[in-house]
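Taken in order, these protein sequences are the chains called A and B. The C-terminal position of the first sequence is numbered 297 in the numbering used here, with every residue numbered one higher than the one before it. The C-terminal position of the second sequence is numbered 1253 in the numbering used here, with every residue numbered one higher than the one before it.
Note that these hints are calculated values from the structure, not bench results. Since the structure is predicted, the reported quantities are computational estimates derived from the model, not experimental observations. We put the beta carbon where it would ideally sit given N, CA and C, even for glycine. Wrong hints could be hidden among the right ones.
Among the chain B residues that face chain A by a calculated CB cut under 7 angstroms, a handful are [to be verified]: (1) S1073; (2) Y1084; (3) F1103.
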Amino acid sequence: MPSWALIIADRVMRQLIRYWRATALIILRLRDKLEPLWRTSFFTSFADEMGKRMSSRAFIIAGRVMRQLIRDRRTMALIILVPLVIASIVGVSVPDKSILDYIAPAVLALLILFFSFLLTGISVLRERTQGTMERLMASPVSRLDVVGGYLLGFLPFALLQTLIIFFYMVYVLNVNYYGELWQILVFQVIIGIGAVCLGIFCSIFARNEFQMVQFIPLIILPQVFLCGLLWSVSQMPDYLQWVAKFLPLTYGVDGVRALMLQGQALLDIGKEVSVLLAFAVGFLVLAAVTLRRGNST
Amino acid sequence: MPEKRFSGLAVEAYGVSFNYGRQEVLDELLLGVPRGISFGLLGPNGAGKTTLIRLLVGLLRPKSGTIRILGQSPSPKISHLIGYMPQLHSLYAELSVIQNVEFFARIYHLADRFERDRRVEAVIKLVDMWEHRHKNIMSLSGGMKQRVSLACALVHNPPLLFLDEPTVGLDPELRVTFWDYFSTLTRQGITLIISSHTMDDAAHCDRLAFMRDGKLVAQGTPAELRQATGQPGATLEDAFLYFVRRGREKRDA
Chain A
1 MPSWALIIAD RVMRQLIRYW RATALIILRL RDKLEPLWRT SFFTSFADEM GKRMSSRAFI
61 IAGRVMRQLI RDRRTMALII LVPLVIASIV GVSVPDKSIL DYIAPAVLAL LILFFSFLLT
121 GISVLRERTQ GTMERLMASP VSRLDVVGGY LLGFLPFALL QTLIIFFYMV YVLNVNYYGE
181 LWQILVFQVI IGIGAVCLGI FCSIFARNEF QMVQFIPLII LPQVFLCGLL WSVSQMPDYL
241 QWVAKFLPLT YGVDGVRALM LQGQALLDIG KEVSVLLAFA VGFLVLAAVT LRRGNST
Chain B
1001 MPEKRFSGLA VEAYGVSFNY GRQEVLDELL LGVPRGISFG LLGPNGAGKT TLIRLLVGLL
1061 RPKSGTIRIL GQSPSPKISH LIGYMPQLHS LYAELSVIQN VEFFARIYHL ADRFERDRRV
1121 EAVIKLVDMW EHRHKNIMSL SGGMKQRVSL ACALVHNPPL LFLDEPTVGL DPELRVTFWD
1181 YFSTLTRQGI TLIISSHTMD DAAHCDRLAF MRDGKLVAQG TPAELRQATG QPGATLEDAF
1241 LYFVRRGREK RDA
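Isolated chain A, as found in the complex (with noise of 0.2 angstroms):
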């Protein structure tokens, strides 16, 4: 092995262990502090008002999805834990801060669409496997109540993974930013959107969960390597940037980035938000024509 793979070796496995060490204790501080709020107080009464408040079968259901999440305390670490393991990865093995730079905002872009496709697919499936979905359409609940359902309760959690990652790629991996957190979190938002319907529509197309995992190659990677998270769309062939203009992370990765490194305001970036919106109402539509009655099974 040539020394220099040695030294960068070296010097990747101290950061890690930096940040791990820092996070851990974070973790190992804050433990004893979360864990009684953890199982009783604050968030199962927070999920119970949210659901005892809501009169709307929409809202009905949103309190049911979260509770669904919270009630499911491995799940909940992993919601919370893996943006930090991605948000290191990323920190750690990027060479050049301005490539950092570059990378973080298209990271936060990249991580809501997949967190809200993927979980809402399998939510959605498993709903359909394990016959509730049947139940629910023999009962006065409408397709949009379910769509906006799990819209409703799956954006609060997406939002929380944005916010952890967004904290700590500013605070711990000094990643430069100048817009304003809102804007962020509202442009976010409307990805999510995009993201829980195309997963709702793709869990029409599978019958197991085996099957809906080999939508993340399909749906995910794809938008991954041709978004420009990586290099640059104008940087790629022509055919592959016309690909890439139908893809909905290219609009997030552009649109987060003008945000966050530009200091550009939502009204700016009107393109990438309408072009996204675009895509969420298309999505909402298929959506709830996947949800049919007959075809709940």
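Dock chain B against the given chain A, drawing on the hints supplied.
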């Protein structure tokens, strides 16, 4: 009460046919279910019982024929009058018993908190799960899940209840308990449509329909069906075989 408005039959089906692609599942079905009784749909696996129930609940549309549920055609508008217990347990595994029942209570818009809590408590107590109400569905046995599933179908107090193989996989003791629940319900004036493939269940029903290969081969009370065989000591099993044989002879002739 909404059920007071309907007179006559709870469920009517006239010449109902259904097919999945080329495979014919139901063929020209004629069915009438009076109100306030337990009505058994009896037949072997693959006879079309589940498809018939899914048609009646409104999850599927018939290819031809008409269906009337409490005098109206099946649509989301009347779904609050129908309770449906699917064949699977159909519960949210991560949630507790009471959270599952409460969720379906909310879905059916039992908006008043006091009324809703009262109903939720009543149905969970009806199926004897009150002491287990905070347990996760995941940790329950098959029979317990079945009971919670029944409670979820009952929580909005529907006048008409469809139960798809509710007693399948239950031990004999629990099966008897289930029939106790069912007779409690019919005493309250609720109409039950119960599918099953065991003649054990058939004996408990007020009226029966025998199904075979997508056709109704006979309808009547258990006593009527037994008598029709012409043998004094005939069981329901004998009656079922008798009607299946007769149907085959009719077709061949």
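Consistency of the hints with the structure:
1. Against a cut-off of 7 angstroms between C-beta atoms, the interface hint on B/S1073 is violated, since the closest Cβ of chain A lies about 14 angstroms away.
2. Taken as an interface hint, B/Y1084 checks out: its beta carbon lies about 4 angstroms from the nearest beta carbon of chain A, inside 7 angstroms.
3. The beta carbon of B/F1103 comes within 5 angstroms of a beta carbon in chain A, closer than 7 angstroms, and the hint placing it at the interface holds.
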